[in-house]
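**Student:** Next come the chains, spelled out residue by residue.
Protein chains: 2
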Amino acid sequence: MTALPQELVGQLKARFAERFTTNAAVLEQHGRGESHHVAALPDGVVFAGSTQEVADVVTLCAQHRVPVIPYGAGTSLEGHLTAVKGGISLDLSHMTEILRISQEDLDCTVQAGVTREQLNTWLRDKGLFFPIDPGANASIGGMVSTRASGTNAVRYGTMRENVLSLTVVLPNGEIIQTGGRARKSSAGYDLTRLFVGAEGTLGVVTEVTLRLYGIPEHTVAALCSFPSVQQAIDTAIAVVQLGIPVARMEFMDRGLIAAVNAYSGLSLKLEDTLAFEFHGPVGAVKEQVALVASLVQENGGNDFEWATSPEERNRLWKARHSAFYAVVSQRPNARGWSSDVCVPVSELAGCVLHTRELLKGFPVPAAILGHVGDGNYHVVFAVDPSSENELAAVAAINKKMVEKALSVGGTSTGEHGVGTGKIAYLRQEHGKAVDLMAVIKHALDPLGIMNPGKILPTA
Amino acid sequence: MTALPQELVGQLKARFAERFTTNAAVLEQHGRGESHHVAALPDGVVFAGSTQEVADVVTLCAQHRVPVIPYGAGTSLEGHLTAVKGGISLDLSHMTEILRISQEDLDCTVQAGVTREQLNTWLRDKGLFFPIDPGANASIGGMVSTRASGTNAVRYGTMRENVLSLTVVLPNGEIIQTGGRARKSSAGYDLTRLFVGAEGTLGVVTEVTLRLYGIPEHTVAALCSFPSVQQAIDTAIAVVQLGIPVARMEFMDRGLIAAVNAYSGLSLKLEDTLAFEFHGPVGAVKEQVALVASLVQENGGNDFEWATSPEERNRLWKARHSAFYAVVSQRPNARGWSSDVCVPVSELAGCVLHTRELLKGFPVPAAILGHVGDGNYHVVFAVDPSSENELAAVAAINKKMVEKALSVGGTSTGEHGVGTGKIAYLRQEHGKAVDLMAVIKHALDPLGIMNPGKILPTA
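Chains as they are written, first to last, in the UniProt record's numbering: chain A, 1 to 459; chain B, 1 to 459.
Isolated chain A, as found in the complex:
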């Protein structure tokens, strides 16, 4: 028995045939992302194939006041996909067309269901790549909607800096373009940036025009281990403060190294570790490497372990990207809970050490990792989802991490988004500005059908 209005069910069946479903297994699959958040199943799923089809779904749902939850690759970590008020999960994963590319202008337009790995595979023989890399093989639409970033952001920025324009279906079913293909524009309100990070609460992103980059002439990766967290973080801070344009600078604590070794069959040294990547012409890369090597040495780090061949580099980064799954796999039937704070770089060492103190003696498997060039770090916990006590204990640590981050001018989420998981902190972080967010939400979505219960405390 579905809670959807019978008239809507009939309309969706007529319009989408077998691409509209209320099959229990499909609903189950669409009720959550990859993290600990408890599933809340939608009442139906529509697999859309085009912007017009998305508009048709939204228009019908608006007529019936039924919630719409956009769904991409399902890799959300903060409960974005939970249908907390039921409704239709609008699955864009079939929208995988690459619509256009300009090698001259270094940009392309893709449908929202294209994943970052699909895009980069397609780009490779053109000598181009799209750098934003949150680890998971997320959809581009999902990455837009959470304002994703990841390992390359220290050099290339986040989705905020790398989206040129969007096609968006508004909550009333209208289709708009938020911009053109110029690299910059001062022509009116920045609607592109309004939808980047809006988590599907203001409309559905269906097409995305992205900046691309030439594959660097030269790429070098390096692993470097340290006797202590403090020394590793101090090194990272020095790199940032000297403005060395590293492409990646990732921190992994020794607990994570152990998990990654086990999960990916590696034998990395069991120490607190920084992983670097350098991009550029040969000379510039050499210069960067020499500078970083001297900082590593000054801070008591060990020699670099180099990876210059693509195979070695891929192995290294694949291990880093598997970190979430590596930690979770340490414990049978566990689910991952990833915290996500971002602080000014000068506060990073203090915050990470504060987190380490919180974790001392904590019985749940946990590891610290971070995009430390941005001041962004995570603790991944492998939680027993059936233990309320354990979930409450992790929530308490998460709360202390967030409050510490906010106390030093940081944010409750650097890249995972608010979803349902960070709503409780939004007012603490933004004060009265939250009311302005609510004004905008209400102006764009007066019926409150777009991904309700996400981002805003009252929405």
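It is possible that part of the hints are untrue.
Because identical chains cannot be distinguished in the list, a pair is counted as satisfied if it fits within a single copy or across any two copies.
Stated by the list, open to error - Pairs of lysine to any residue residues, derived as SDA-like cross-links and limited to a Cα-Cα distance of at most 20 Å, are as follows:
1) 126 with 214
2) 85 with 446
3) 432 with 56
4) 432 with 59
5) 286 with 244
6) 432 with 442
7) 432 with 175
8) 404 with 393
9) 13 with 49
10) 13 with 62
11) 400 with 356
12) 404 with 431
13) 432 with 176
14) 85 with 452
Everything labelled a hint here was simulated from the structure, so no lab data went into it.
Given chain A, work out where chain B should sit, using these hints.
**Tutor:** Chain B alone, transformed into the frame defined by chain A:
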């Protein structure tokens, strides 16, 4: 006789004493920016000294439904400062405090009236600089509000990428903070980017937290002349497409070189010219210079003219920055009219040549210049403001330039903003998205008091 309600006049006098004025000369000075747009005088001017004072002015004006036009350094080029519906010009030029700086985190917070030259003078002995440089000595608040960019944007981005957070007085007088000091955040709607480029139509920016950069270890500037526009632009396009991280890459046509020579007492070669600046460690700069030099040669350009000492570089860039005034000074009693389009880089040569055709035989002094690394270029006309025929003829060329830019995926304004000057093109550029901008405007400013008549066709 002022059109302001007598009660408001009394309230402003009581609150601000001589910092509220209806003096004719002061009104005159506040009724326009630096360009050809016809002045429209406010009914009064308030010189505010703090965010709270700004909030008090806005609150009083809201009570009386009186327009508020934020005013910084007065360097607007698109009519942003014209009081087309009268009201209060809210002058923030006395708000020149630098409130805090973190050399570790490379950020600072300034009051909105701080100018970019003031900021950079203050930063210099700290080894830091703020790169965004629109030419004019604009206020930081004004640069936020027009989403300014200029000569360094090809390397450092625009105000969009370099503002971390804002203090804003909303149209109802409330004060909000749009974010913290973390380099990135996914915590809710991107209110910072909503106010960057909103031209004072959604509220008044009173404090700005900016990203800073270390002064590069090594800086080299170079001038390079070409036999034709096409060859110069082709070179610029090649530099972009190879991803060479030049810090500046400016085009000046031979007409501009003549004007600049006369205005700044230089003797630059009278050819179409590219001006470059390279930032970085010595080795990286050398590598960039060698790459660019070979592209220049391939495209038929002449040898570089180098400027490595700070004095030489300053002289060069001062000349470039004076371009607007140099063109205008060619003709007595003229005013400057600067067009401002931005196109995908692959379309740049076609658009600039199209513009050259439009200018052939045109009797008004005019020169082409551009931040060609971004695809952004201007024609500066020295117009006789008393000649309606002449203004109409320039407007016709401006229209053709904009329509050409829009036809290739570009924008009607790369960096000057919409003001009153580009309103006519907004719907052509954005289609139905303009209605969404109007929804946002109405939601934030239901009384329509904030800088009315700017950006939106009907606001």
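**Student:** None of the hints should be skipped; say for each whether it holds.
**Tutor:** Now the hints, each set against the structure:
1. 126 with 214: Within one copy only: 9 Å inside, 35 Å across.
2. 85 with 446: Intra 16 Å, inter 31 Å, cutoff 20 Å: intra-copy only.
3. 432 with 56: Classified as between: cross-chain Cα gap 17 Å, same-chain 36 Å, threshold 20 Å.
4. 432 with 59: between (32 Å within a copy, 17 Å between copies)
5. 286 with 244: both (12 Å within a copy, 17 Å between copies)
6. 432 with 442: both (16 Å within a copy, 19 Å between copies)
7. 432 with 175: between (31 Å within a copy, 8 Å between copies)
8. 404 with 393: within (17 Å within a copy, 61 Å between copies)
9. 13 with 49: within (15 Å within a copy, 63 Å between copies)
10. 13 with 62: So residue 13 and residue 62 pass the 20 Å test inside one copy only (17 Å; across, 51 Å).
11. 400 with 356: Intra 12 Å, inter 62 Å, cutoff 20 Å: intra-copy only.
12. 404 with 431: Intra 17 Å, inter 45 Å, cutoff 20 Å: intra-copy only.
13. 432 with 176: Classified as between: cross-chain Cα gap 6 Å, same-chain 29 Å, threshold 20 Å.
14. 85 with 452: Result: close within a single copy only, 7 Å intra versus 40 Å inter.
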